[in-house]
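Engineer: Chains as they are written, first to last, in my numbering: chain F, 1 to 384; chain B, 385 to 520.
Just so you know, the hints here were simulated from the structure itself, not pulled from any lab data. You may find that some hints are simply not true.
Unchecked claim - Straight-line distance between alpha carbons at most 27 Å, and here's what the computed BS3-like set of lysine-lysine pairs gives:
id	chain 1	residue 1	chain 2	residue 2
1	F	K150	B	K446
2	F	K45	F	K150
3	B	K446	B	K509
4	B	K446	B	K421
5	F	K150	B	K519
6	F	K226	F	K150
These are the residues of each chain, in order.
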Amino acid sequence: MRRNAVAVVGAAETTDLGRIENLSQIGLHADAALNAMADCGLRPKDIDGIATAGQTPVELAHYLGITPTWVDGTAVGGCSFMIHVRHAAAAIEAGLAKTILITHGESGRSRIGNPPRRVDPQSLNGQFEQPFGPMGPPSMFTIPVLRYMKRYGVTEEQIAQVCVVQREWAAMHPRATFRTPITTDDVLNSRMIAWPFRLLMCCLVTDGGGALILTSAERAKDFKTKPVYILGTGESAETPMVSQMEDFTSSRAFRVAGPTAFQQAGISVNDVDHLMIYDAFAHLPIYGLEDLGFVPRGEGAAFIAARNTAPGGKLPMNTNGGGLSYMHSGMYGMYALQESVRQMRGTSPAQIDGAKISVCHGVGGMFAASGTIIFSNETPTYDW
Amino acid sequence: MPEPGRALPAPTPETQHFWDGTQAGELRLQRCDSCGKNYFPPRPFCSACGSRSVTVFKASGKAILWSYVIHHRPVPGFTPPYAIAVVQLAEGPRMMTNIVECPQTPEALQLDMELEVVFEAQNDKITLPFFRPAKG
Numbered sequence: 001m002r003r004n005a006v007a008v009v010g011a012a013e014t015t016d017l018g019r020i021e022n023l024s025q026i027g028l029h030a031d032a033a034l035n036a037m038a039d040c041g042l043r044p045k046d047i048d049g050i051a052t053a054g055q056t057p058v059e060l061a062h063y064l065g066i067t068p069t070w071v072d073g074t075a076v077g078g079c080s081f082m083i084h085v086r087h088a089a090a091a092i093e094a095g096l097a098k099t100i101l102i103t104h105g106e107s108g109r110s111r112i113g114n115p116p117r118r119v120d121p122q123s124l125n126g127q128f129e130q131p132f133g134p135m136g137p138p139s140m141f142t143i144p145v146l147r148y149m150k151r152y153g154v155t156e157e158q159i160a161q162v163c164v165v166q167r168e169w170a171a172m173h174p175r176a177t178f179r180t181p182i183t184t185d186d187v188l189n190s191r192m193i194a195w196p197f198r199l200l201m202c203c204l205v206t207d208g209g210g211a212l213i214l215t216s217a218e219r220a221k222d223f224k225t226k227p228v229y230i231l232g233t234g235e236s237a238e239t240p241m242v243s244q245m246e247d248f249t250s251s252r253a254f255r256v257a258g259p260t261a262f263q264q265a266g267i268s269v270n271d272v273d274h275l276m277i278y279d280a281f282a283h284l285p286i287y288g289l290e291d292l293g294f295v296p297r298g299e300g301a302a303f304i305a306a307r308n309t310a311p312g313g314k315l316p317m318n319t320n321g322g323g324l325s326y327m328h329s330g331m332y333g334m335y336a337l338q339e340s341v342r343q344m345r346g347t348s349p350a351q352i353d354g355a356k357i358s359v360c361h362g363v364g365g366m367f368a369a370s371g372t373i374i375f376s377n378e379t380p381t382y383d384w
Numbered sequence: 385m386p387e388p389g390r391a392l393p394a395p396t397p398e399t400q401h402f403w404d405g406t407q408a409g410e411l412r413l414q415r416c417d418s419c420g421k422n423y424f425p426p427r428p429f430c431s432a433c434g435s436r437s438v439t440v441f442k443a444s445g446k447a448i449l450w451s452y453v454i455h456h457r458p459v460p461g462f463t464p465p466y467a468i469a470v471v472q473l474a475e476g477p478r479m480m481t482n483i484v485e486c487p488q489t490p491e492a493l494q495l496d497m498e499l500e501v502v503f504e505a506q507n508d509k510i511t512l513p514f515f516r517p518a519k520g
């Protein structure tokens, strides 16, 4: 796939975020999709490709009145939307569709039209994990962390810094759920969920959605919105069972998806102006920084605690406040993508001046899958 | 009505040997006849080399504590706080389990502590493998 051949021309979140009691889950998808179409002046008849997770692309195509020539229902958890961007870029380059809509909507808090998740007792998870008492991500995604802490001598106080720094970013966003500053003590004194994880180290549970519209970079010039180009992409998968990760201190899916995207983009970590790393829990930005090569092994927590990713730091990260403070409906990836697009358009409430390259890295399941997108706002210079 | 208990596994043809093993007081793993890899969870082929020539064998039951959380929220069949642990078996594979006959505290649950398997019947069909501090 060529660099910069495809661009995001439409991007929007749902009209509201937080607690939304007047829309079901598919309604959140549609609200976000209509907002993204309005953002770039399109109507459903102009869309010929659709990708989504949570609902099926069939449901969304029908609900929105779209006749697609390309559909993608990749559903591998919260990074599905990064992977949709990757697949959409490839599809547009291959001529399978011209204008692709990617939607996310999730009634994570109000749970309207959002069936309860159930672990099948015949599945590998149902046979070899569920009998031992996990109850969703807070008690499973967190299991590898003690091994990481022991290997590298990382403390609970350092991990708590992730939450403190991200709240500083959230304070700049009028739409963020939590904007009041917090201290390390606030984090460590919050209610114990699954030691060593306290409440403030765990993501929010809210309602919302978001949508993106992609087209070729050539055609993107005809839109009123500032194009955000797809510079590089990567994806991978490891295991549905957190107990079966190859290495508890690192994600294999991260180590495949991230470098694949950097290689395609032809950039190094030193070229990155802005970074989003999916933070369902406080340890994920630490693993992400290390697995994508921004810092050496074992130094991610100290890097964050030294305020390198904080406002004014050299590597601004999770500038919407992340899943810990901005919003988290269950599959957070779309909101990380939206903040990357805002940063590349120059419209984020926490705008990084002069940012030209944004890396958006997602996780799916509990270290089960990963997707990485590298965005650029610089017009392609090579010949078509 | 009795209170709902913990979630229990429903064996499949590919995993039946494992659950038959726990009922018989054996922790059964699989080994590839082609490349020699010991692996878990059960499947009728080797995930390292793809060979269908594999053998079920009885593991030693020895392990070390690899990582865990101490869960503080209510779950049917459990009294919080309780540890959800992953152990590293002496033969190589890791598995999720609970640590029994041990206080469920960070002080008592030290990573790399030596453990041994114990079996607890949940009903007349399902016996779960747990681990306790090794008695030497």
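Engineer: Sort out whether B:K421 lies within 27 Å of B:K446, counting only the CA atoms.
Structural biologist: Holds - the C-alpha atoms of B:K421 and B:K446 are around 18 Å apart, at most 27 Å.
Engineer: With a cut-off of 27 Å on the C-alpha distance, tell me whether F:K45 and F:K150 pass.
Structural biologist: violated, 55 Å
Engineer: Could you grab the alpha-carbon distance between B:K446 and B:K509 and see if it respects the 27 Å cut-off?
Structural biologist: Cα-Cα ~24 Å, so holds.
Engineer: Given the proposed pairing of F:K150 with B:K446, does the C-alpha separation stay at or below 27 Å?
Structural biologist: Judged against 27 Å, a Cα distance of about 22 Å means the pair holds.
Engineer: For F:K226 and F:K150, compute the direct alpha-carbon distance and say whether it is at most 27 Å.
Structural biologist: violated, 46 Å
Engineer: Holds or violated: F:K150 and B:K519, Cα atoms, limit 27 Å.
Structural biologist: holds, 24 Å
Hint violations for this structure: numbers 2 and 6, all remaining hints satisfied.
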